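Peer 1: Each chain is listed here by its residues.
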Amino acid sequence: MEEAQSTPFWIVLISSMAAVLISLCRRAPNIREAIIFLAAIIKLALLLMLAPGVLDGKLYTFTLINLLPNVGLSFKVDGAGLLFAFVSVTLWIPVTIYSIGLLRPKNDLSQTRFYACFSIAISSAVGVAFSANLLTMFIFYEILSLSTYPLVTHNQDDEAIKGGRKYLIYLLTTSVGLALPAMIIVYQQTGSLDFMGGGVFKDQTSNTLLTVLAVMFLYGFAKAGLMPFHAWLPGAMVAPAPVSSLLHAVAVVKVGVFSIIRVMTGIFGVDRLANTPSLTMIICIIAGITLVTASLIALSQDNLKARLAYSTIGQLSYIILGVGLASESGIAGAALHIPMHAVGKITLFLCAGAIYEACGAKYISQMNGIGRKIPLTMTAFFLGSLCVIGLPPTGGFISKWYLLNGTLDSNQQWAFVIFLISSLLNAAYFLPIAYKAFFALPSDEAKYNKASEPSMLMVIPMLLTATGCLLVFFFSNTMYQFVEQFLNVYAKSN
Amino acid sequence: MADLPIWHYDTLFLTLALLFGITALAMQNLMGAAIVFGAYSFLMCLIWTTMGAVDVAFTEAAVGAGVSTVFIFATIYNTGVSATPNSPRIAFKIFAGLIAFGTGAFLLSALPDFPDWGDPKSPVNSTIAPYYIANSITDAHVPNIVTTVLADYRGFDTLLETTVVFIACIAIYSILRIDNAKSKVTEPDIITSPPAYDPTDSLIIRQASRIMVPFMQLFALYVIAHGHYSPGGGFQGGVILGASIILLSISFDLKHVLQQWTEKKIMILTALGVLIYAMVGLACILMDGVYLDYAALDSVLPGDEAYARSHGILLVEIGVGITVMFSMIGIYINLASNGRFDRGL
Amino acid sequence: MEDIIPKFNYIVVVVLMMTGLWSMLAQGNLIKKCIGMAIFQTGIILFFISIGAKNDALIPILTEGANHTFDNPNIDKVTNPLTQILMLTAIVVGVATLGVGLALAQKVYQQHDSFDEDEILNNQTK
Amino acid sequence: MIKHLPIFIVLAPLLGAVFAALTSWYRPKLSFPVVLSGLFISFLSSFCLIFKLLNSESGIIHYQLGGWGDKGEYGIVGIQITVDYLNSLILTAVTIISLLTAIFSSQSVNRELAGQQRYFFALFSLLVTGLLGITITGDIFNLYVFMEIAALSSYALIAYGKGRSYMASFNYLIMGTMGACLYLLGVGFVFVKTGTLNIENLSLLIPQTLQASQAVFVGFVLIIVGAWAKMAFFPMHGWLPNAYTYAPTASGALLAPLATKVSVYAMIRIMITVYSIDYVLKSPNIQTAALLLSSISILVGSFFSLTQTNLRKIACYFIVSEIGYMVGGAWLANDPGLKGAVYHIIADAAMTSALFMVIGCILFRTGQVELKKLDGLFYKMPITFIALVITMAALIGVPPTCGFFSKFYLIQGAAQAGTWHFAGALLISSLIKAVILFRIIEIGYNKVPNPAKEGNKTIPRDEAPLSMLIPTLIVTLSLIALGIFTDTLITDFIAKALPEIPAP
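Line order of the protein sequences matches chains X, E, C and Y. Heads up, the first sequence stops at 494 in this note's numbering, and the numbers go up one at a time, no gaps. Heads up, the second sequence stops at 345 in this note's numbering, and the numbers go up one at a time, no gaps. Heads up, the third sequence stops at 126 in this note's numbering, and the numbers go up one at a time, no gaps. Heads up, the fourth sequence stops at 504 in this note's numbering, and the numbers go up one at a time, no gaps.
Hints were generated in silico from the structure; no laboratory data involved. Please note: incorrect hints may appear among the correct ones.
[Said to hold, decoys possible] Straight-line distance between alpha carbons at most 16 Å, and here's what the computed EDC-like set of lysine to aspartate or glutamate pairs gives:
no., chain 1, residue 1, chain 2, residue 2
1, X, LYS436, X, ASP302
2, X, LYS373, X, GLU357
3, E, LYS121, C, ASP56
4, X, LYS362, X, ASP302
5, Y, LYS52, Y, ASP84
6, X, LYS373, X, GLU453
7, E, LYS93, C, ASP118
8, C, LYS77, C, ASP56
9, Y, LYS447, Y, ASP375
10, X, LYS162, Y, GLU442
11, Y, LYS373, Y, ASP278
12, Y, LYS71, Y, GLU200
13, Y, LYS496, Y, ASP84
14, Y, LYS71, E, ASP139
15, Y, LYS496, Y, GLU57
16, C, LYS77, C, GLU64
17, C, LYS7, E, ASP116
18, Y, LYS447, X, GLU484
19, C, LYS7, E, ASP119
20, Y, LYS447, X, ASP158
21, X, LYS166, Y, ASP84
22, Y, LYS3, E, ASP288
23, E, LYS93, C, ASP116
24, Y, LYS457, Y, ASP375
25, X, LYS436, X, GLU357
26, Y, LYS52, Y, ASP375
27, C, LYS7, E, ASP113
28, Y, LYS3, Y, ASP84
29, C, LYS77, E, ASP119
30, C, LYS126, C, ASP113
31, E, LYS93, C, GLU117
32, X, LYS58, X, GLU484
33, E, LYS121, C, ASP76
34, X, LYS202, X, ASP271
35, Y, LYS447, X, ASP157
36, X, LYS106, X, GLU357
37, Y, LYS496, Y, ASP335
In this text the structure is predicted, and so the values were computed from the model without any measurement.
The whole structure should be built from the sequences, with the hints applied where relevant.
Peer 2: Set out below in structure tokens:
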């Protein structure tokens, strides 16, 4: 049920066009920000227009231009892509409000650049979500890397430059050094790069080659933060809070895992994965190790943003492990974990930024008792923690449920154990923060005496996303319908 | 040994040429090397004459042995360097020797595959060349086949060759000419100590060249005009014309020549020669022909198509002659005065 | 000997060219490099001319003679004109290159007061 | 007149040069417009020819000079120029880039060469003539003459740089003449066995009857090595960095993108048309050597660029490594490799042109291009800086720029041939270029405190004049446009230009 329609292309393009307009309106901040909201709303509206069709099982396709023989700059909208795009664009709105609250008072004139790059980044994230083939995906993936660099180095001090350097080196090196050759080998072997239900490989392709390619892709999309190519993520935390929250909790890292989901389901094919133990084994082992190690490291971090970053690395591996299980519920869990983790983590990052703005506290050890000064922020933080740990009534519970189901479906009991251990670790590193903030005695009373909630422009977005953590729990069924459509296309064996 | 398919003189000349060439490169004294190189070029002329390539020999005599040698002299005179110091790069020389030896061995590996020397049935002599020999008369009424091929069959090459000369002239002017506006350049001290022997002093040379120059110029004009029937043509004639002026400046004074031949005159005339050639070609297009198809000019030139070609060839040869003559003068003036246009060899 | 004599010309050509090549690569003196270049070029010219030569042939200017008539020449008895044209071009190109090379050498001499490559290199890195 | 378009491509810049030399004595201001119009006619002709070519059935257009065409048993007796799918693209690229570079150069020439610019544009135009001639000619000896036209004018153009450029130009002259001589000798060796110089006639003779001839093989190697010397292929690359660095901006901007690329074209033409892919495949030793040298060339160029501090030198070493891409791609001798090599000729011409134009803009305003002194460039010349970043991104191979697609094909070719060292070298060079891009960004954008913030020093904007900026932007944007239209280029032109090569 494919239907050619140019809407996907326009959805991708809108925020890029917005970027152009934004850079023209450098002297009129109100108009500039109005453009962002307008673009976001149009984008959401267009996405919603596509939603009923996708739920009916339609695939919207559009080819802009052919880049290589058989491979074009083409878009294809399916359930998972739409869901991912929807999450990115929806969360863009609160984050923009938050940015206004954070940056306007600072009278920082490079805000225009900030918003313009931000819009391009959103464009490319949606582009990845809608890509119909590996090449298109790779193109948007690279644009995303480049457009987020000015955001990471926004402060332009030594630390920012260092973080930015690390960021680009990790992301470009891996994508050019591993993902690109892997893609070329796929093209050379099969003559096609399209994401297709049963994968593109013929049956006679050797398992060894597939395993090598799988590893190349896993590490090539280093945005997914698999160890040992994860170090860019803590380094990129020097960016302003809105960047860390939207990009490094939602857009950039999720683009990494989303790319891996796409490649595993669309290029390798779920059947092929399920029938090739060596392949699934290697994915599961890499993801499993990252998962546990990252959680342990997170436990030892005192810097709040660093702890959040390592937590993100661990949570991303949930998704990859879910794919590696190669069972229907595993993949469903993986696809669902993208939005669920997104709302949770974005709340946490926004809170971290707010805490720093309100109290100047970067380290967890400084946060004893601050909950009484900034109750709204810390409540939001608590809800976000619940979502990431996976406790009801937050969205994280749903996705982890599917993931655990997946382990049982594919008889990988050890993965079940890993998931549980990791969830316990999540609880161990998040809950004490909220607990101490509310109940522990302030260690440095004088310092936080004058601390109060930051401006409403920052508080409201946090509360919105915190509410989102609850909402996704109740609307999880709708989300599952989207994922189901995706599964119908890619994961149902014929 | 009587029925050897080669000329006996040639083996001798070839061996001699080889000796001269190696000597020229091995000599420490630069002036000596230049003279030996001139002799080497003359030897080459002899070899080519015995092989039947009179036009090439003629050109080599004028260009290789004549003008080239003078160019080298001028450079040496200007810089005052007479001997090369022994450069110590032995290892590099051996390395380069190995490269040259390897390349030579590689080239000789094709030796058994070559046709014998002088074989009239070799591919070179039996593929396209017979067409030229058989048709030169019918196509253009020109007995000197070299002229026909040069200016007509492969006329495009010759246009470009003229352009090459033109480029060399502009290139040397732009490289060497010292900008008068900025010519506060300190004069290199070598000029203050010219060689002990000053050629401008010699009365015999002055008188001899004064007598020779008109004849040279007359001869050169003849060479250009009679190129259809005898060896020669635009190139050779042009070079000789140029050489006559060069001779004047060597035997008299460069200043004298410089007054007469300013940069403006030389450049305009050099460009004019190329222009004549290119415009004859364009005229062919305007007359409904192909570029450089002189036959199309038969409506403006006297005679039938073949004669039109013959006249077209003459026109372009004149263009070539003008360009070559003035570029040679221009190049010489620059090299001899080191771009200062005041004095020199 | 029987094999070499008919191809003696090629051997001389190769030796000449390689001497020129060696000189272009190894000689430190810029003028010597230029002379080497010229010798390399004459080697090539000699190569072309000798492949166009024919036994007992006349120069490529047609005349009424015993062997052939004006309109119907005996092709085997006229030297190949094509190789000669090519080499006329090559000679002219050669002298143009030589002129430009010498002009550059003069300029280099003005700057460094030397024709020796090593000295010039030392001057430049100083 | 349509019939004569092929000759106008070459003739227009030639006549432009001659008229420019003439007018420079009467109306010096006229020289530049004269050259410009010559280049423009040339561009129009080549552009029209593309359409003529697309409409023609045979896919090849001949123009026989002097009307001397095929004479039966003798073959083609005159000189023939041909336009087919392979060279029509390159002709258009050369004409467009030279036209833009001419517009770009007018200001910088007036400043850098004040008082001496008399013959500059004449030589400029003659260089273009030579390059176009090499591309369009159908005769291997005529190619040599054009090669020398291009070479002689480039020696002079480089020597305009004064100072160290004289020695650089002299070294180029020695190496270039050596290359040309080897080429001519190779032509001689081929000529000995075939007796013809026309490429079409040769292509009928060599692959069929002269497969085993040692002389033809030696000729092949000589021609290829000669072309290598001309294009600064490792280990004959020593002349290039100095020559292009010390040349004036305008010469560098014209020579760097075009001169080496056209030599690569000549090599590919000889390889696939005069000889054939079969012939190449049957000389495996040469193939292995060429591929190894390409990999070394890529690595040497990349590593040396890393050690340089001058942006122009860096760019010059990039050329050395890019040459490795193209030679390697051609010598992979399989379908994707050759496609990649031909595509990369166009892509690299555009990339190098953009790079040198950007450098020219910076040089024009700041007077130097030392990497360390570029701090704050983004605030001083934002448009130029963004163009520089896009160009570097293309050189790295970031999609959707053209650099990505050529790399895509080249690596695909390497994978198909199993030449992993070549694929590895390509990737390493990409990464090294990425490192240099980071350096440029860090210095140009991050090194000075953001002037937009309150309290920091403001940096006034000072872009290059529009006549320089607009060509730079056009070329930079063409990098993206070329990338987007890759498929059109490949299927409509390059695929038709190459012989059928069966996949193994």
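Peer 1: What hint numbers does the structure not satisfy?
Peer 2: 11, 18, 21, 25 and 26
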